[in-house]
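Chain E: place on chain X using the hints.
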Amino acid sequence: MQKVLAVFPEKCTACKLCELACSFTKTGEFNPIRSRIRISVLMEDHFYMPMVCMQCHNAPCQAICPTNCIDINRDTGHYFVNHERCIGCRMCIMACPFGVIEYGMEGDIEKCDHCEGSPECVRICPTGALEYREISTTATPTAASFAHKMLEAQKGVQVA
Amino acid sequence: MSLKVQQESFRGGYTGKLLRVNLTSGATQVEPLDQQLARDYVGGRGLFSKILSDEVSPDVDPLSPDNKLIFGTGPLTATAAPTGARWVAVCKSPLTGTIGCANSGGYFGPELKFAGYDALIVEGKAKSPVYLWIKNEQVEIRPAEHVWGKSVHDTEDALKVETDSDAKVACIGPAGENLSRISAIMNDKHRAAGRCGVGAVMGSKNLKAVVARGSLPVRVADGVAFKEAVFAALAKIAAADATASMLPTYGTAGLVNVINAHGLFPTHNFQEGVFDHANDISGEAIREKVLVRNKGCFACSIACGRSSKVSDPEFRGHGEGPEYENSWGLGGTTGVSDLNAVTKANYLCNELGLDPISAGSTIACAMELNQRGLLPKEKLGDLDLTFGSAHGVVEAVKAIAYRQGLGDELAEGSYRFAEKYGHPELSISVKKQELAAYDPRGAKGMGLTYATSNRGACHLKSYTIAPEILGAPEPIDPLTEEGKAQWVKTMQDNVSTVDSTGMCLFITFAMTLEDVVPLLKAATGFDYTLEELVRIGERIWNLERIYNNKADFTRKDDSLPPRLTGEPMPAGAAKGQVVNLEKMLEEWYQLRGWDQEGNPTADKLAELGLAVG
Numbered sequence: 004m005q006k007v008l009a010v011f012p013e014k015c016t017a018c019k020l021c022e023l024a025c026s027f028t029k030t031g032e033f034n035p036i037r038s039r040i041r042i043s044v045l046m047e048d049h050f051y052m053p054m055v056c057m058q059c060h061n062a063p064c065q066a067i068c069p070t071n072c073i074d075i076n077r078d079t080g081h082y083f084v085n086h087e088r089c090i091g092c093r094m095c096i097m098a099c100p101f102g103v104i105e106y107g108m109e110g111d112i113e114k115c116d117h118c119e120g121s122p123e124c125v126r127i128c129p130t131g132a133l134e135y136r137e138i139s140t141t142a143t144p145t146a147a148s149f150a151h152k153m154l155e156a157q158k159g160v161q162v163a
Numbered sequence: 009m010s011l012k013v014q015q016e017s018f019r020g021g022y023t024g025k026l027l028r029v030n031l032t033s034g035a036t037q038v039e040p041l042d043q044q045l046a047r048d049y050v051g052g053r054g055l056f057s058k059i060l061s062d063e064v065s066p067d068v069d070p071l072s073p074d075n076k077l078i079f080g081t082g083p084l085t086a087t088a089a090p091t092g093a094r095w096v097a098v099c100k101s102p103l104t105g106t107i108g109c110a111n112s113g114g115y116f117g118p119e120l121k122f123a124g125y126d127a128l129i130v131e132g133k134a135k136s137p138v139y140l141w142i143k144n145e146q147v148e149i150r151p152a153e154h155v156w157g158k159s160v161h162d163t164e165d166a167l168k169v170e171t172d173s174d175a176k177v178a179c180i181g182p183a184g185e186n187l188s189r190i191s192a193i194m195n196d197k198h199r200a201a202g203r204c205g206v207g208a209v210m211g212s213k214n215l216k217a218v219v220a221r222g223s224l225p226v227r228v229a230d231g232v233a234f235k236e237a238v239f240a241a242l243a244k245i246a247a248a249d250a251t252a253s254m255l256p257t258y259g260t261a262g263l264v265n266v267i268n269a270h271g272l273f274p275t276h277n278f279q280e281g282v283f284d285h286a287n288d289i290s291g292e293a294i295r296e297k298v299l300v301r302n303k304g305c306f307a308c309s310i311a312c313g314r315s316s317k318v319s320d321p322e323f324r325g326h327g328e329g330p331e332y333e334n335s336w337g338l339g340g341t342t343g344v345s346d347l348n349a350v351t352k353a354n355y356l357c358n359e360l361g362l363d364p365i366s367a368g369s370t371i372a373c374a375m376e377l378n379q380r381g382l383l384p385k386e387k388l389g390d391l392d393l394t395f396g397s398a399h400g401v402v403e404a405v406k407a408i409a410y411r412q413g414l415g416d417e418l419a420e421g422s423y424r425f426a427e428k429y430g431h432p433e434l435s436i437s438v439k440k441q442e443l444a445a446y447d448p449r450g451a452k453g454m455g456l457t458y459a460t461s462n463r464g465a466c467h468l469k470s471y472t473i474a475p476e477i478l479g480a481p482e483p484i485d486p487l488t489e490e491g492k493a494q495w496v497k498t499m500q501d502n503v504s505t506v507d508s509t510g511m512c513l514f515i516t517f518a519m520t521l522e523d524v525v526p527l528l529k530a531a532t533g534f535d536y537t538l539e540e541l542v543r544i545g546e547r548i549w550n551l552e553r554i555y556n557n558k559a560d561f562t563r564k565d566d567s568l569p570p571r572l573t574g575e576p577m578p579a580g581a582a583k584g585q586v587v588n589l590e591k592m593l594e595e596w597y598q599l600r601g602w603d604q605e606g607n608p609t610a611d612k613l614a615e616l617g618l619a620v621g
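Chains as they are written, first to last, in the working numbering: chain X, 4 to 163; chain E, 9 to 621.
Pulled out of the complex, with its shape left as it was, chain E reads as follows:
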């Protein structure tokens, strides 16, 4: 059972306030955050998934006014804890139908907290487009017709002019307005809460933007201990290769050549695992050709962000990226090797508010349907959906955001698209969300990771690439299923907690969950131990699972696309491999203390303090 909170009021880490805005009635109110809940679920993904699951029935239509959208922070958000920039968007996902949670960096999350709130809970639906202007205790629902239809960049610029030039903005682009199930919520122009189609939920509420400006302090319980913990964390980040060298030098795309060399860089919609032109879209190429300089999120000492610029008149633009996943989504899996085009497509995803992983993968899926002659010519219109077509990708991104032509069908994501043409198996997705840039045939742990992620396919929930390919914290054989269930379970629980702190997952390249304990303890004043944080992670995982099970997800949904379990990898380091998922899955259910249908047992729920109901 969870430990009881003794304090009468929050000592630090939290503002203790939740801002609730009902867009149907126009009512706004400030509510106290329950301290026991805060201790038991920390913040971010955990705390706000708990609040969502208490308030939003698993059977609601995600795009109806009954769904809610929570903008949540963690207890370390807006502190000097390294990478304490993160905020989460939590809602029921319109892409997957599962509980949805997407997190992002930049400056918006801290600003919401400096305005005095741990979270903003948005309910209902406005009659016409609106935006929220939050300046400390002053909260206004303002008309947004004048920015509806505008890009993320133009929206942010316009809203800063009419509010405060130092305000921070989270908004949707045309993709979210048009309810694309693969749309993102963007903040600070270039940072994305990208996955689960959270942008569409914001669009369904007629909410164009949340603009925040704050001047209130964020306190910690024990300043002396916190400062010590901050410098200890900074030292760890400065000492680890990934955070001190690879990420700052090459960004996340420093992985392109590494993953490709190991034969699991998904190419041509996962038909192959080696992309001959990977180097052209690698972190090294980005550094040489488009990088202007590194960009950090708030409180981040890593600064993996790429401020970049494309001078090629065909694809001219500037912004941030591409990240590893985007370089792959808009490049490798679509077969495009023109870095300028990939970077441009990435800018467009940011400006129009699309998830580049799902958008790229959906385009690649359409390209394969086309390759196999499964798409009627008249459906294609002007779109060149052939593998390797740089213009095809750039134009398809626009078509998806504006739902033009075939883009209208692609905006539903690859699963619904491929199903419409009779070939759902060509959608490389789990629970209808697209896989990321690691073919699990070359790193078996990722197969179980994708199959079991509570928000549909996601590489982040248990990033077994670290041990399987990067050798951290210790090298393990990527091509065996043996022992992977335990790795996945442990990582899932740990990541669930890290996702709830307000820190970025990238700290885990340098820090263990044990290293996070002193930061959380000193910030919140809660007497956390490593054991309690691990237990919290497991509690969060089970909470999400219970929600999904109530939304009718069962063992059959913990699956992989048949290509990955049935078609041997044709070439490269993983040649001949398939994922033997069932073996890992059975073991994983056992380790989780669940039955073989994927239901948490009563004993497990009791152990985690999760009421059955």
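Same shape as in the complex, but just chain X:
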């Protein structure tokens, strides 16, 4: 079954180990600016949001691409950039509503491809803010955590 990168921002501590793991996997070097996943840090609000390709069902990047270079990996079902066809026009960057496609220093479009089914960012994330889950189960942890909140809320409440 297809898997998706599930993001749980409430668990993120902004340590950016995911950015290091990603840039190391994709470039062989540590360089957050080359990472396909980025942590948006809203310092004043104590909010840290991992931002990564969401693998949109109707992907604007794919729709806008003039050379059809946003391909689907038939094994994993994920969009990836076919660099042979890419002309580096950057239209996909403009079309992406999340700002998670970047123009790399070597003139390539850089976008998360889920490491072909075994994402390194998920492997290194120490807090569970990133999970690799089967599609249709991405919201399960959120539902479970709400159930626990409900349990807490009902503790000590006498029900007639």
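Calculated directly from the structure, the hints in this document are not laboratory data.
From a predicted model like this one, the values you see are computed outputs, not experimental measurements.
A hint or two may mislead.
Unchecked claim - List time: in silico DSS-like cross-link candidates among lysine-lysine, alpha-carbon distance up to 30 Å:
hint, chain 1, residue 1, chain 2, residue 2
1, X, K158, E, K317
2, E, K244, X, K14
3, E, K143, X, K29
4, X, K114, E, K143
5, X, K29, E, K235
6, E, K25, E, K168
7, E, K591, E, K612
8, E, K135, E, K25
9, E, K317, X, K14
10, E, K297, X, K14
11, X, K14, X, K29
12, E, K143, E, K25
13, X, K158, E, K297
14, X, K114, E, K168
15, E, K317, X, K152
16, E, K235, X, K14
17, E, K235, E, K529
18, X, K152, E, K297
19, E, K406, E, K168
20, X, K14, E, K168
21, X, K29, E, K529
22, E, K235, X, K114
23, E, K25, X, K29
24, E, K583, E, K564
25, E, K428, E, K558
26, E, K591, E, K558
Claimed, not checked - On the chain X side, residues computed to face chain E include the following (Cβ under 8 Å):
hint, residue
27, C18
28, F27
29, E32
30, M46
31, H49
Glycine included, C-beta positions come from ideal geometry on N, C-alpha and C.
Just chain E now, kept in the frame of chain X:
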């Protein structure tokens, strides 16, 4: 002797470049890092203390343009080595007169490295306030009059607007500008290179901030081995109680109740070792009342940082902390149990750029002078310096940073303050730097730790609390002096190396120095062994000591405040205890291979590859 470096160029871990900026002339230049030096001193505290000791004479006035200020990283900084966030500020300390080194986490250190530099060496003094803007190879000295006087937070916000919103900022607040000897350099708003008065050195150079943005890669020599070592290290951190549970859950302040229960939580300027209201300022209370969420530094899987918020209108604010030492410095030792006030005072220390350990302890010292009627009423002005006064602490922090009223004298630190009023013995400090939150009468190893630390009193250089109180790596009796010299010496050497890697000392709750070997080897390509890393630690310790001895420090400075050696602890688990320092000290000198005056012998120096001169 040290092993010879074979490589022609750095294979990884280092950028191999040092950025030197002279603020007097405005000249900037990039220099190669010497590889032999890198191998022999690793980085961070070791490497840049070596460079400082080569370049800055031990007799310079720390606040003169002749002193230098080095912002240094380690070979693991900016890599995925867990906690690889650390950078150090190295200079001659204006608080102690010793070699000074303060280290910090956050994001600034890695950013400096991503900009292409292992370190920034700042020399001279600018004619008027400036800041440095470093974007890879582009280095500018820019005017900073418009942010001079501003808080750390406002400075960072303003400088990001005029440089790059993703830039990382290290700066001083009003305390550093006003040359307070207990001022910090702050980075990423909430992280502090806190000790040794490094902020004042930055202020003395008219340097308000260093702003960095980098997009260059950091390489490692052996990627496959490095990745394996990273996951092994992460597994160790995830398996140890302190790093997997205590620190993430309660932050460092999880120690408050533990240390208090053992009767060594310094209270009322070390007059007692048990604080009746400790629980009110504990990690548990912080979690319940002010914690918003955990915050990690760069590459850290522990995330002990406390993003916090105070809603109480009297002390409203938000930021990070308080840490254990700050909860104590601004709370326990001042007798303040109002967590909102303690947290607010901590925010103010961060915003104004003060070391909360020294600031809190200096306020507590003034409170004791006041308690004993040794402070003239007219000197106090509006300040309420009585133990337990929440407003007194909050107002005193501001007064110190701005040098207002009595704050002007408190800004010099507790020793100079207490000496001025004729009672230096009431300053709980060593080499004029304030002790941290462990009364050594309840953990004797800490007595030797404080007395012998090369940067003045410091709890981190050999944290014997781990075995003495926390039982790690093995429990030992806290109340005996027996065997402590060996523990202290071993820990000092190991910590010196860890402080030089770019990792945080907190990894030592989960990892041994042996566990660090594969990370350093794979990153640098140097064929390090555990034996060599231990030897490097000892070399660093001796190097710092030689510098201090040349600055006229002798055995008499390896001392403790008379209260801790002469006044028995009045109550609690350590009741009746004093520290018998001399016995431990003599043994420690022997173990170090030094003479009984505290001078490294020629044989020891030769063994460590340290030239006599």
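Here's how the hints hold up against the structure:
1. X:K158 to E:K317: 27 Å, holds
2. E:K244 to X:K14: Holds. K244 (chain E) to K14 (chain X) sits at ~21 Å (cutoff 30 Å).
3. E:K143 to X:K29: 24 Å, holds
4. X:K114 to E:K143: Holds, at about 25 Å.
5. X:K29 to E:K235: 13 Å, holds
6. E:K25 to E:K168: 25 Å, holds
7. E:K591 to E:K612: 22 Å, holds
8. E:K135 to E:K25: Roughly 27 Å separates the two Cα atoms, so the pair holds.
9. E:K317 to X:K14: Within the cut-off at roughly 18 Å; holds.
10. E:K297 to X:K14: Roughly 20 Å between the alpha carbons, so the hint for K297 (chain E) and K14 (chain X) holds.
11. X:K14 to X:K29: Between K14 (chain X) and K29 (chain X) the Cα gap is close to 25 Å, so the pair holds against 30 Å.
12. E:K143 to E:K25: Holds, at roughly 14 Å.
13. X:K158 to E:K297: 21 Å, holds
14. X:K114 to E:K168: Holds, at roughly 27 Å.
15. E:K317 to X:K152: Holds, because 22 Å separates the two Cα atoms, which is no more than 30 Å.
16. E:K235 to X:K14: 24 Å, holds
17. E:K235 to E:K529: Satisfied, since the Cα-Cα distance of roughly 12 Å is no more than 30 Å.
18. X:K152 to E:K297: 19 Å, holds
19. E:K406 to E:K168: 25 Å, holds
20. X:K14 to E:K168: 27 Å, holds
21. X:K29 to E:K529: 22 Å, holds
22. E:K235 to X:K114: 22 Å, holds
23. E:K25 to X:K29: 25 Å, holds
24. E:K583 to E:K564: The hint holds at about 27 Å.
25. E:K428 to E:K558: 27 Å, holds
26. E:K591 to E:K558: The hint holds at about 25 Å.
27. C18: 4 Å, holds
28. F27: 6 Å, holds
29. E32: Since the shortest Cβ distance to chain E is 3 Å, the answer is holds.
30. M46: 7 Å, holds
31. H49: 4 Å, holds
In this structure, every one of the numbered hints holds.
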